[in-house]
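What follows is each chain in one-letter form.
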Amino acid sequence: MSEPFDHIETDRQTMEVDIACAGFGPATGGFLTTLTEAWNRNPADPAFESRVTPGMPLQVVCYERADDLAAGVSGVVTRAQGIRASFPALDPAQIPMAAAVKQERIFYLLDPIGASKRSALLRFGDFLLGLGRGRWVKDDAFELPWAPAFLHKHGGLILSIGQFNQWVASQLMASGFVQIWPGMPAAAPIFSGVASAQHRGVTGLRLADQGVDKLGAPADGFMAGMDVHAQLTVVGDGPVGAIGQQLDRHFGLPHGHAHREWALGMKFVIELPEDTPLEAGTVWHTFGFPEPEIFGFLYVHPERLASVGIFVPSWLGNPQRTVYRYLQHYIQHPALWRYLKDGTLRSWGAKSLEESGKHGEPFLTGDGFARIGEGSGSTNMLTGSGVDEAWTTGVELGEAVLDLLRAGLPFSQENLAETYEKRRRASWVEQGALQAQNARNGFHKGFVRGLIGMGLAGLTSGRFSLGAQIPPAPRQIRSTQPGSQADLDLRKATVLALENGRPLHDALMSARGWPEIAYDGRLLVTHQDALLMGGKVQAMPGYADHVVFLDRRHCISCREKTCIAMCSGQAITLGPDSEPVFEREKCVHCGACLWNCPHSPDGERGNIEFHAGSGGLHSGEN
Amino acid sequence: MSNSLHIVVCAGIVPDPLQTLEPLATPTGPGLKNEMVLPAVLDPWAASALYEAAALAAKNPGSKLWLVALGPKAKLQQVMMTVAQKVAFELVPVDGPIGGFPDAHATAAALSSAIESIAGLDHTKLLLFGGWESASRGAGVTLQLIGERLGIVDQFFGVDEISLREDGSFEVLERVEGGKHQVSKCAGTPAVLGWATGNLAEPRNNPQVGMANMRTIMPALQKAQTAKLDANSLSYVSVNLPRQQRETRVEKNMTPDEIAAELVDWLGKDF
Amino acid sequence: MESIFVLTHADESGVALTRASLEAVTAGMELAARLSATLKIGIVAADPQPLSKGLPGAVLAVAGPAFAQPRFASDAAACEALCRAAEASIVLAPGSSRFARVMAAVAHRVGGVIDTHITALGGEAAVEATRWFYRQRIEAVVTRTARPWFLLLDAGTHMACAGEGANATVEIVPVNLPSLRTEVTGIRAPRQDEQTIRPDAKLLFVAGAGWTKKQPDGQMHTDEAGKLIHGFLRLSGASLGSSKSLVDQGGEGHSVLPFLTHLNQIGQTGSTPRHPKGLSTCCHGEEPHVVGWRFIGERRAISLDPNCGWTRGKADVVYIADAFQVMAKVNERLAKS
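Residue numbers (my numbering), protein chains in the order written: chain E, 1 to 622; chain B, 623 to 893; chain R, 894 to 1230.
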């Protein structure tokens, strides 16, 4: 898929380094921290002499797409097992917005509005629960008397990934050993040799062209992206990263593996009112509302900041997956609204989560490359945990690289498999991934079945689980039949949208019976406003569009327009010819469009490609 | 080279313009809420000065370019990771407070002593660049005070263009009232130029420029001198976020002609 | 006890003081009356005598052809000499481009301190000055005990002095001029009919990026937008402002309105003009832009987006309509009247 970049061959600069990393997140943070710690202990160690620039220390560079290393998009709760191992003396007070977990609660939320789509079985269950209003049900929420062990994050941390990344990066940079460059998207891997099932090879990274038009053709101030040749290319660019995607396509995935399960996490950072009773370290997990399939969370950071958000999964069959509007309804659920209503929206963000876990694991190593982090299938779908796992895979690669450097061995597929892959297979990350691999199987056949499946896998440490045939992401989206209720809703919404100039998907939620949002300009604001107030989206001029619609004919005939409904930044809108139109400047790089197209040219992937792009959210509080 | 220049660009760091700002009282005076958490950028007008300086240095072989920046070391390091990819320069960092509330006289004193300590700086070749105002204090006095401390008596503010001649003299366009430019000719360096927008687009990020810059930037940051800024008797009576919320009348159903009639009537009171 | 000195300068013609100078005189008179302080006026001009007519208090001035030009070396020397002669504790001056260029240096030379962009002077016993930080986002009131304290006043914050004082004698203060290496050779201004920035206009008309976006027919209508805007400016005498996104388009190979430059840009990285009224068109009303409207009185906006920033307390009236259609009708009506 590197066609858009390959046709430009003029004046391309090249550079030789020892190690080039794509993407700076927790995984690359763990990798670079491990290397840097070792270097700090003994900079004179001959292992750290550069192979490409003899006499110099190892040349280690990392390229990150976001304009700022703090521009992360997630507030998380993590057990921090791996992170604490890297920083034994870690004091959460050193990291802005970090807090130790103090209290964990799980709530099942009833639907006080009556607009969510619930099965008859669930409605009956809700009815029974509802009999206990005022006793075991308060504020339309039922608190589970105990939280299953697999969900516990005792001893863990609540983090802002943006602030955590920045904290890690500043320590790394201060050593002078590694260089981390924000605002520099890596566009494509440089492959070596002919790929086969046995042999995979990468010799570096090609950075994105600058000074190009929307289609990538040279324009004013054209500067061809540099080829960075590296002894080792570390791919940690996440589940929708350009490098990881191209490796998957070029080498294929191991037999039986596929990226089919996804979720979009979207959250608000809310400043709680001054008299809030919620303490820093509070963690709530919720399920049942705004749709039964949508899980939610509330994490309380220090200084009265809370991350509140939801996950909308690919197995929510509804093609109109309007996450922003759902999130607005979520925070207004009485159980949350009681604490949030006098708060102020500070920031906002969204991110795609690769929820295939072990089933989405790619080939982890090849000649000259290794894969770490979420894009390498490390996320544990049972515990709903990914940051610590990602960090740990980075640490494992770091340790492996140190072994190879000290032994003077090349970064070959065999050596990396023998060191990195072996470490990974023996670690708690792998054990967790194996236990979790079938934990969510039931959800494709309904919410209640999903809960049963998850409980079964969780309580038996993965020994028992439900079987499932998970369809490719495009096929998980229900198609809209002419004359169906969904089609009628769509028409009604179109009228609403035309009358009021509203976004179509927002009008669609209203047409489906969800009450209008009473904007207060403070916490309940329009989607556009969230982009301005909290999201702060920006893109440098001179880059190509990174969202590409492959076959426009599919787009014109598409009835579902899920890419528009799902777009976190309203960067994809309905154009005059009924085609989706992409505005690069509004994209928050959540990657939802990648798995939210119901039309598949090859039966597996959607009709949208998500390339390397510049810009995104400018918020450090996420 | 007769026209080899020594260009010193003074540039602070400011919160990314898209951030929401809120004042906060701190033990050392007013500050911004979450100041260290807010993403920061190089002050926009000073950034214009840096790009103009780099272009000028490139056109005049043998020239040198320094970037003098005051701010908390950690924050400077972050911002430099982006700025260092744009143009080649040598960083002269001064570790000090962030933000627009410290006194400009003290800031100027710290920056001018940092400039005076630059080894190999030839004052006769000096062009002192910066933004004509910052996006934080926005007073437009710091650069002028530095120029005065360095004894430079040719100063220009609101500069949008400089044209250097072979004989070392140059023409400067300064913004004046009414959307006009004042044109001046100056015999040559040393001079102070406080830049407005200039005419150059932001340079592309170039990883090689970044790699080259970092060889000097990181050691410079590690050795950055700390500056304590004197308040010079400046004290704050109050610092507030204005709440200019208006009662907005939103008209959704008027025809263009009706709107035009109402607008002309509204304008008519004055025209 | 404070003593007040107001520095003024001649306008381009050389035969009158600038309006901003006369506003500073008013500020000086008000402050002197409030503090029961002495008041002196200073003039920087080639020929100051005729300019002193009607000014209150004692008048000090510099004279000579060197002071016809707004230039750092001569103006700084002139102001320094005047300040040394006046020996005042508070120095007020207009925040004009001419004085903004030199006054910090002058304060430094006489051992004083300076604050600029002052929008109000208050305080009971002490002098307190209001100014904005972070590009008009945060308003602060500052005070200093150090003297002399220079305060540069923003234009439009006081009434201009009508010059009704008794004719004062002008004391000419000698100036030690350094060698002058700079010569002002002229003013470069757009042709009269292309001049779109009019500081004295009653209305600020802001064009946003929507004017160059695709319209409902799927096409861009930049030429038509240019004609409508230009026509309106001609008929109304309004000053033209722009959002950053519109002026930035000039650099990205888009066709953009030919008469717009960065000088027109209003907002965070643009200007913050003062006009009694403002009309925004095709602009979303994002905060970084709207901070540039801080000193605009009545605000109206035309936008297609009912949820744009203007509707949320940033404007007095927002018309949800197509600015192309509305401005065509406005121009028709203005042409008739």
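Source of the hints: derived by calculation from the structure; they are not laboratory data. Computed from a predicted structure; not experimentally measured. Errors might be hidden in some of the hints.
To be verified - Pulled from the structure, derived: some chain R residues nowhere near chain E, Cβ distances all over 12 Å: (1) 1107; (2) 1141; (3) 1179; (4) 1206; (5) 1218.
Unchecked claim - Reference excerpt, derived from the structure (chain E facing chain B, CB under 10 Å, subset only): (6) 69; (7) 152; (8) 540.
What the hints assert, rightly or not - Subject to a maximum C-alpha distance of 20 Å in a straight line, what follows is the list of computed SDA-like cross-link-like pairs (lysine to any residue): (9) B:695 to B:653; (10) B:681 to B:747; (11) R:1106 to E:584; (12) B:747 to B:734; (13) B:874 to R:1218; (14) R:1170 to B:810; (15) R:1106 to E:135.
Glycine residues also receive a C-beta, built at the ideal position from the N, C-alpha and C atoms.
Hint-by-hint comparison with the structure:
1. Its beta-carbon lying about 8 Å from the closest one in chain E, residue 1107 (chain R) breaks the requirement of being farther than 12 Å from that chain.
2. Annotated as non-interface, residue 1141 (chain R) brings its C-beta within 12 Å of a C-beta of chain E; the closest such distance is 8 Å.
3. At roughly 5 Å from the closest C-beta of chain E, the C-beta of residue 1179 (chain R) falls inside 12 Å, breaking its exclusion from the interface.
4. A Cβ of chain E approaches the Cβ of residue 1206 (chain R) within 12 Å, the least distance being about 7 Å, so the stated non-interface status is violated.
5. For residue 1218 (chain R), the non-interface assignment is confirmed: its Cβ lies about 15 Å from the closest Cβ of chain E, beyond the 12 Å cut-off.
6. At about 7 Å, the closest approach between the beta carbon of residue 69 (chain E) and any beta carbon in chain B falls short of 10 Å, and the interface hint on this residue holds.
7. For residue 152 (chain E), the interface hint is violated, since its Cβ never comes within 10 Å of a Cβ in chain B; the closest pair sits about 29 Å apart.
8. Given the 10 Å rule on beta carbons, the hint for residue 540 (chain E) holds: about 8 Å separates it from the nearest Cβ of chain B.
9. With a C-alpha separation of about 17 Å, the suggested pair residue 695 (chain B) and residue 653 (chain B) falls inside the 20 Å cut-off, and the hint holds.
10. Of the pairs offered as hints, the one joining residue 681 (chain B) and residue 747 (chain B) holds, with about 15 Å between alpha carbons and a cut-off of 20 Å not exceeded.
11. Taking the CA atoms of residue 1106 (chain R) and residue 584 (chain E), the gap is near 15 Å; set against the 20 Å cutoff, the hint holds.
12. Taken as a hint, the residue 747 (chain B) and residue 734 (chain B) pair is honoured in the structure, with Cα atoms around 16 Å apart against an allowance of 20 Å.
13. With a C-alpha separation of about 15 Å, the suggested pair residue 874 (chain B) and residue 1218 (chain R) falls inside the 20 Å cut-off, and the hint holds.
14. About 44 Å separates the Cα atoms of residue 1170 (chain R) and residue 810 (chain B), which puts this hinted pair outside 20 Å; it is violated.
15. Pair hint residue 1106 (chain R) plus residue 135 (chain E) does not hold up; C-alpha atoms about 57 Å apart against a cutoff of 20 Å.
Taken one by one, the earlier hints fail for this structure at numbers 1, 2, 3, 4, 7, 14, 15, listed in ascending order.
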